[in-house]
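Asker: Input sequences plus hints: build the corresponding full structure.
Each residue of the sequence shown is one higher than the one before, counting from 23 in this note's numbering.
Honestly, the hints are just simulated from the structure, not real lab data. Certain hints may be false.
[What the hints assert, rightly or not] In silico DSS-like pairs for lysine-lysine, Cα to Cα no more than 25 Å straight-line:
(1) K192 / K61
(2) K61 / K209
(3) K176 / K192
(4) K192 / K148
(5) K61 / K118
(6) K80 / K209
(7) K80 / K107
(8) K61 / K80
(9) K118 / K192
(10) K217 / K118
(11) K80 / K118
(12) K192 / K217
(13) K61 / K176
(14) K118 / K148
(15) K107 / K176
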Amino acid sequence: MSATTPPTLADRVDSIAGQQDIDKMLKTELPPTSTGLRKYHMYYTTSRFNARLHPVSKAHPAAYYFETNTSHTTPQFLLRRGDSKTSPMVNFARLKTSTRHILVGKGDFRNQPEGELVYEELRRDKNLMHRSDYQFGTAEGDADGRRADFGWRKNREMRGKTVYECLDEKGLVAATFASGGVFNWKKGAEIEVRKGLEQGLEEFLLMTALAIWAMEGRDFHSLFSGIK
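Answerer: Structure (structure tokens):
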């Protein structure tokens, strides 16, 4: 692998693939993170409905605040740039009614008229199955507004664990995440995003990772079984 080629997820998890406990996986000292990826450690707030994303380690100030709610009329997932509910909202996502697809938007939805909200669809490949892959497109990060396609892929070799990698159009890793598991009461996940991306694209990737984490890692959709 060349110095400029982002690593695959398998490059970093082979040494722990045989472990059966996701908590143990996250607590085990992993191989050093590639210099091409920026890692965020996601720790729950007291309620466990929200979480803070700390770059490098929990000792560093939180860079983002992830907020969830169970509203049927407004976005259920909010990403804020900062460490609290009062920090500026940069992205939001909502469950698409009658499906398990997710709609992702940019900015603060409260400052945008309902009829003018623009969403990108995070489309679930297998709507009725657990741990599905996802597809989406976005023009974020391109100065000319050209759309690019991305795909979140479940690492099916990691049985019993929620581990995903996001591939760009060239098949290179743009982001990854590993869930902390339902029995990890402190750490929700670890998310890695390729360094050097435009901030809007990095935050869009974070939002899609967090939305999938909520759906697949915590089965957030079970709270909305009555949505039609």
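Asker: Decide, hint by hint, whether the structure agrees.
Answerer: Hint check results:
1. K192 / K61: holds (22 Å)
2. K61 / K209: holds (14 Å)
3. K176 / K192: Judged against 25 Å, a Cα distance of about 18 Å means the pair holds.
4. K192 / K148: holds (23 Å)
5. K61 / K118: Violated: K61 and K118 sit about 29 Å apart, past 25 Å.
6. K80 / K209: Given pair K80, K209 holds - Cα atoms ~10 Å apart, limit 25 Å.
7. K80 / K107: holds (18 Å)
8. K61 / K80: Since the Cα atoms of K61 and K80 sit roughly 11 Å apart, the hinted pair holds (cutoff 25 Å).
9. K118 / K192: Roughly 29 Å between the alpha carbons, so the hint for K118 and K192 is violated.
10. K217 / K118: Judged against 25 Å, a Cα distance of about 31 Å means the pair is violated.
11. K80 / K118: violated (33 Å)
12. K192 / K217: holds (16 Å)
13. K61 / K176: holds (19 Å)
14. K118 / K148: Between K118 and K148 the Cα gap is close to 14 Å, so the pair holds against 25 Å.
15. K107 / K176: violated (30 Å)
Hints 5, 9, 10, 11, 15 from the list above are not met by this structure, while the remaining hints are.
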